[in-house]
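S.K.: Could you put the whole structure together from the sequences, leaning on the hints where they help?
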Amino acid sequence: MIKARRILGALLFCATALAPVASVRLLAQDSDRVRQIGGKFMCMCGCNQVLTQCNHVGCQTSSAMLKEISQALDRGQSETAITQMLVQEYGTAVYAEPPKSGFSLVAWTMPTIYLLLGTVLVIFIIYRWRKRAMPAPGTAAAPNVSPELLARARAQAERETED
Amino acid sequence: MDVFGSFALLLALICAGYAFVGGIAAILTRHPLLIKSARQAGIATCGLIFLATFSLVYLFLTDNFSVAYVVEHSNRDLSDFFKVAALWSGQEGSLLFWSFLLSIYVLSVLIAYRNKNGELMPYVGVVMAGVQIFFLTLNNFVVSPFKVLGVTGASGVLNLVARADGNGLNPLLQYPEMVIHPPNLYSGYTGFTIPFAFALAALLARYPGEKWIHLTRRWTMIAWCFQTLGILLGAHWAYAVLGWGGYWAWDPVENASLLPWLSGTAFLHSVMMQEKRGMMKVWNVWLVFTTFFLCILGTFLTRSGVVSSVHAFAQSSIGNWFVGFLMIAIAVCVIAYVKNRDYLKSENQLDSIVSRESSFLFNNLVLLVACIAVLSGTLFPVFSEWFTGSKISVGTPFFNKVNIPLGLLLLFLTGVGPLLAWRKTSPESLRRNFGWPSVLAVIGAAAMYALGYRDAYSVVCFALCAFVAATIVLEFYRGARVVRVRSGASWVASCVDLTMRNTRRYGGYIVHFGMVLIFIGLAGAAFNKDVQKEMPIGSTIHIGPYDLLLQSVDQKQEPNYTAERMIFEVLKNNKPVMMLYPEKRDFHTGQQNGTMVAIYSTLREDLYVVYAGLSPDGNTPVIHVFLNPLVKFIWFGGVVVVMGTIVALLRERKAVLVLAGAKQEAPVKQLAGAMSPSVTLSEGHD
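Just so you know, the sequences run in chain order A and B.
All residue numbers for the first sequence refer to this note's numbering, where the first residue is 1 and numbers rise by one.
All residue numbers for the second sequence refer to this note's numbering, where the first residue is 164 and numbers rise by one.
Worth flagging that the hints you see were computed from the coordinates, not collected in a lab.
Treat the hints with caution; some may be incorrect.
Computed from the model, here is a short list of chain B residues facing chain A with C-beta under 7 Å [unchecked claim]: (1) Gln512; (2) Ala536; (3) Ser553; (4) Ile555.
Here are the simulated DSSO-like cross-link-like pairs (lysine-lysine), alpha carbons at most 27 Å apart as the crow flies [claimed, not checked]: (5) A:Lys131 / B:Lys564; (6) B:Lys735 / B:Lys692; (7) B:Lys554 / A:Lys67; (8) B:Lys439 / B:Lys279; (9) A:Lys67 / B:Lys696; (10) A:Lys100 / A:Lys131; (11) B:Lys696 / A:Lys131; (12) B:Lys444 / B:Lys279; (13) B:Lys439 / A:Lys131; (14) B:Lys554 / B:Lys564; (15) B:Lys502 / B:Lys564; (16) B:Lys587 / B:Lys439; (17) B:Lys735 / B:Lys795; (18) B:Lys564 / A:Lys100; (19) A:Lys100 / B:Lys554; (20) B:Lys554 / B:Lys502; (21) B:Lys444 / B:Lys587; (22) B:Lys587 / B:Lys508; (23) B:Lys564 / B:Lys719; (24) B:Lys587 / B:Lys502; (25) B:Lys696 / B:Lys719; (26) A:Lys67 / B:Lys692; (27) A:Lys131 / B:Lys279; (28) B:Lys696 / B:Lys735; (29) B:Lys564 / B:Lys508; (30) B:Lys554 / B:Lys692.
We treat Cβ as the ideally placed atom computed from N, Cα and C, and that holds for glycine.
M.R.: What follows is the structure, given as structure tokens:
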């Protein structure tokens, strides 16, 4: 019985000793979470910078917004709820990146579409250029510009221009 | 002097008008006197713009506070150094400065080609004069920097007045970088007018595509070099002054400078296709046009207020003028192209998909996609407001997510492109060229992973940097080995010799190496750390291996501002390494303040300390400390890029000089007779 009490006492002592360490770690995690979520919004002070990067000396807006996020996390609100809260308060201009829904999807998808379309175009060009038969020298001009005219224009350009 | 400046600007506009109209008449009539007089008018325009600019500088230096622009951007206590820089600190002066830089280019072209290219130059002169007319119209009638202060008296007569002192220069601009950053950036923007003028002139004059490329290569590279330098100096200014710990925030003004840089870079690569193979003539003409349009569009974006930007000091309602000019320029280019496109038909074809040509096509694709992605991201808030009624911001996270993969793809192509031969690369050549670089890339990635760098993009970036660096070193090694065998010179001398014999190719490699360094620096951003703390005197703050002890706080009085300075002792692994002095400056004019960041910079990392202000109770300093790895690589890479561009601009040394030093004369003579020396050394990759 005495042994069991001693073990319990030791466990309680360890728990008490480790509590501040655990709470510091939790605080650090909270702070990281605030910074992580804060990085997804703009500071509304007019600096046009991400909330966690606002560099105005003594900016009241960014600290108030970060505090708001921190308090919401303390209340156990999810990231989605915090996002809704900030959008309701500041409007869609608060987003640091467009949401991946509705019209904003255009912003996200367009670069990929450009790249895909461009790649298809480049492959098509390569395919066409490879298939194109080698023309005789000086015959590559369009039908309405004769090879002679093109050759004459080239000779004129060579004659009249110097590097 | 203000009247003198105004008059000079007005006369400049008249002269530019004559250069434009007279130039068109000269083209139509081919009258030698008209051609000469139009050219002289172009030169006179430049001279008059110089006079107007110098007169505004004189007004600043003599504290003439009867001129509104001087009042708004200067004060008596401002140093002469910054009084000169005040010229481009506001809308009016910066547009005059724009005209001034453009005039330097125009004058250089008119003088350099005064006895050359007789048929083409009138067209070039007309295009350049057209651009000058637009900016001179703005300088004269829309945003004149010579407006004087006046009050209407009791009799209704306007009396000129002078203020005792000015409002002072924006504190953010009172840093050395800010004095050299805008001239470089503007030199880039204005410089792209010259290749644009030659491209349009060649199209109008129906010159087959190659010639204007040869004529404008150096001008394009000069403009590109200035643009690069301007962007990097701007980034360094943001890093050293704005105090948020970063150098690039994807602000619309930053994006505007990046757009022509991206399309200009694409042009500098695709132009080789035209020179070597006669391909992509239409594409190159439109790339130059696009680069010029993007310069104008960027200026419109940053000065019209159409998108919100942290660079708010130069916004006004002159956007419509830029839109009008852009529309006219696009219309002229489209008409010229439609009329004369038959002269731009390509002559060659592609022999293999595994070739230098293909790599250039993909390089152009990635650069252009990045350009469009940045442009659409910058304009998205405007579009979202049009279509949905609510403005959606697009900030750093979006641009990073979109552009980092594109940047890595581009880095990969930077390594691959130079190793592929023109027309066709054999499998044996692929194995020989890609073997070692690929091994080094894998080793680089593994080393980074082992060192604890776990960010996927950064690890890929380091691997690709190793790959590209290896390809560049291999190229120098192989070339220098050939020179060494023939001349017996040392490795260093052989590399120099090799470079001077083909400055363009090896200068290009140096530029690529500079870009590798920049990418290493950018990849380091994934491992940035920061900590912010209220610090009473005597307390310490810890970050990475550093401890910063706040020893004391002092004040220093300067003519233009009072600074509150934190005095920190920096300890690394408990050993003192240096003192740092971050400060907050309160400027006497306009109740403005600013920060002065203190940076302890090493090749490995930057310790970046900001005095962010006082705590809410007003008693304790708040200190924000960042630990930014590898940032120095960015600035060092920028220097290498500029050096590489300068090397590429140098005239190539005649091959005969190298051959003269050869030990085995007979085989060399035989070789020289068989093929050109540059072909011998370039192994088909030039």
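S.K.: Does each hint fit the structure? Answer for all of them.
M.R.: Structure-based check of all given hints:
no.: 1; hint: Gln512; verdict: holds (5 Å)
no.: 2; hint: Ala536; verdict: holds (4 Å)
no.: 3; hint: Ser553; verdict: holds (4 Å)
no.: 4; hint: Ile555; verdict: holds (5 Å)
no.: 5; hint: A:Lys131 / B:Lys564; verdict: violated (38 Å)
no.: 6; hint: B:Lys735 / B:Lys692; verdict: holds (16 Å)
no.: 7; hint: B:Lys554 / A:Lys67; verdict: holds (25 Å)
no.: 8; hint: B:Lys439 / B:Lys279; verdict: holds (24 Å)
no.: 9; hint: A:Lys67 / B:Lys696; verdict: holds (15 Å)
no.: 10; hint: A:Lys100 / A:Lys131; verdict: violated (42 Å)
no.: 11; hint: B:Lys696 / A:Lys131; verdict: violated (67 Å)
no.: 12; hint: B:Lys444 / B:Lys279; verdict: holds (23 Å)
no.: 13; hint: B:Lys439 / A:Lys131; verdict: holds (20 Å)
no.: 14; hint: B:Lys554 / B:Lys564; verdict: holds (20 Å)
no.: 15; hint: B:Lys502 / B:Lys564; verdict: violated (42 Å)
no.: 16; hint: B:Lys587 / B:Lys439; verdict: holds (14 Å)
no.: 17; hint: B:Lys735 / B:Lys795; verdict: holds (19 Å)
no.: 18; hint: B:Lys564 / A:Lys100; verdict: holds (13 Å)
no.: 19; hint: A:Lys100 / B:Lys554; verdict: holds (15 Å)
no.: 20; hint: B:Lys554 / B:Lys502; verdict: violated (41 Å)
no.: 21; hint: B:Lys444 / B:Lys587; verdict: holds (21 Å)
no.: 22; hint: B:Lys587 / B:Lys508; verdict: holds (22 Å)
no.: 23; hint: B:Lys564 / B:Lys719; verdict: violated (44 Å)
no.: 24; hint: B:Lys587 / B:Lys502; verdict: violated (35 Å)
no.: 25; hint: B:Lys696 / B:Lys719; verdict: holds (24 Å)
no.: 26; hint: A:Lys67 / B:Lys692; verdict: holds (21 Å)
no.: 27; hint: A:Lys131 / B:Lys279; verdict: violated (41 Å)
no.: 28; hint: B:Lys696 / B:Lys735; verdict: holds (19 Å)
no.: 29; hint: B:Lys564 / B:Lys508; verdict: violated (38 Å)
no.: 30; hint: B:Lys554 / B:Lys692; verdict: violated (32 Å)
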